[in-house]
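Put together the whole structure using the sequences plus the hints.
Residues 30 to 367 in the numbering used here are what the sequence shown spells out, letter by letter.
Since the hints were made in silico from the structure, they are not lab data. Treat each hint with caution, since some may be false.
Said to hold, decoys possible - Capping the alpha-carbon separation at 20 Å, the derived lysine to aspartate or glutamate pairs in EDC-like fashion look like this:
hint, residue 1, residue 2
1, K218, D201
2, K45, E128
3, K91, D131
4, K169, E238
5, K76, D34
6, K79, D34
7, K91, E101
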Amino acid sequence: MKPTDFAYYLTNFLSKYLPGTAGLSPNTIMSYRDTFSLFLDFCSNYKKIKPEKFSLNNLNRKLVEDYLAWLEITRNCIASTRNVRLSAFHSFCRYLQMEFPDYIHPAQQILLIPMKRTKKTSVEYITLDAMKLLLGTPDKLTKNGRRNMVLLSLLYDSGARVQELVDLKVGDIRVAYPSTVRLTGKGNKSRIVPLMKPMSELLRQYLKENNLTEPYTFEYPLFCNYSKNKLTRAGIAYIVKKYAGEAIKNSPELFPNKLSPHFRHSKSIHLLQSGINLIYIRDFLGHVDVKTTEIYARIDGEMKRKALEKSNNNVVVQKMPEWQSNTELMNWLKNIGK
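The structure is reproduced here in structure tokens:
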């Protein structure tokens, strides 16, 4: 069967344009792939257009809007997930405008579909005392416990995203002074993050214990499971949840109700509280725009405000004077001289 024009352009978009020209990471490409896989399922089951019959003539703004509504209503996707799916279509349509100018008008109509506003979610973080307790929880007498201690410590000390930790290879670690770790983040962008001496020593011992010091091991995953495959995001989330649960049993008052595996949030707050400039924190976290980093400054500001509220001795007048509460008198005063 001859492939449709949609199949041709989508294949080139996913297999050539995104990894080659755009330089997107495999995780982003997988997300885009899932978007169109779901879209074709939707078209097949609800619009009665089979994937092998789907062409660019079928792709229009109304169909994409129906798909987005289906994601939210039928699949109960939140607005941010809906926006991720729409972003994939926007990227595909920008690609089509260059590769197939005949489709430029329908593509521009899809590009006009706006992102939906999302609720600002609060960033969960834990205090230094809580972090010390959590990092000290793994059993150092077992090999698995030592691995998990190093993993959790590096997750915090480097401010790495969970996926960045998953993708770490032995060759990304430098234990000689000055110790560093090379993290590859969103858009395949790499950054070098300095490591503190205690973290460097933990890594040195870990590499030695696991025979990961020879050059031929540099392409090996830094953290493996029992099958010698690299740990997954779910695997790291499980490790965090396991030891967080043990730490919470000992000191529940130190921890928030919900604990994220993204220790970078807590690390960022701790850096800010230590007086580190936001610009340096931005580079440390791998943010493109400092506005993304400013959320941590706002959180720190909220902490200060709450501390002030606790120490407030009710010096400020709590009630307006009667003449200010009287709306008729206030209106009369405002109209004087008019």
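Structure-based check of each hint:
With a CA separation close to 14 Å, the supplied pair K218 and D201 stays within the 20 Å bound. Using a Cα cut-off of 20 Å, the hinted pair K45 and E128 holds, with the two alpha carbons roughly 13 Å apart. Under the criterion of a C-alpha separation no larger than 20 Å, the hint pairing K91 with D131 is consistent with the structure, at around 19 Å. With a CA separation close to 13 Å, the supplied pair K169 and E238 stays within the 20 Å bound.
Taking the CA atoms of K76 and D34, the gap is near 19 Å; set against the 20 Å cutoff, the hint holds. A hinted pair counts as satisfied when its Cα atoms are at most 20 Å apart, and K79 with D34 qualifies at roughly 14 Å. Note on K91 and E101: the hinted pairing holds, with a Cα-Cα distance of about 16 Å set against a maximum of 20 Å.
In terms of the numbered hints stated before, the structure departs from none.
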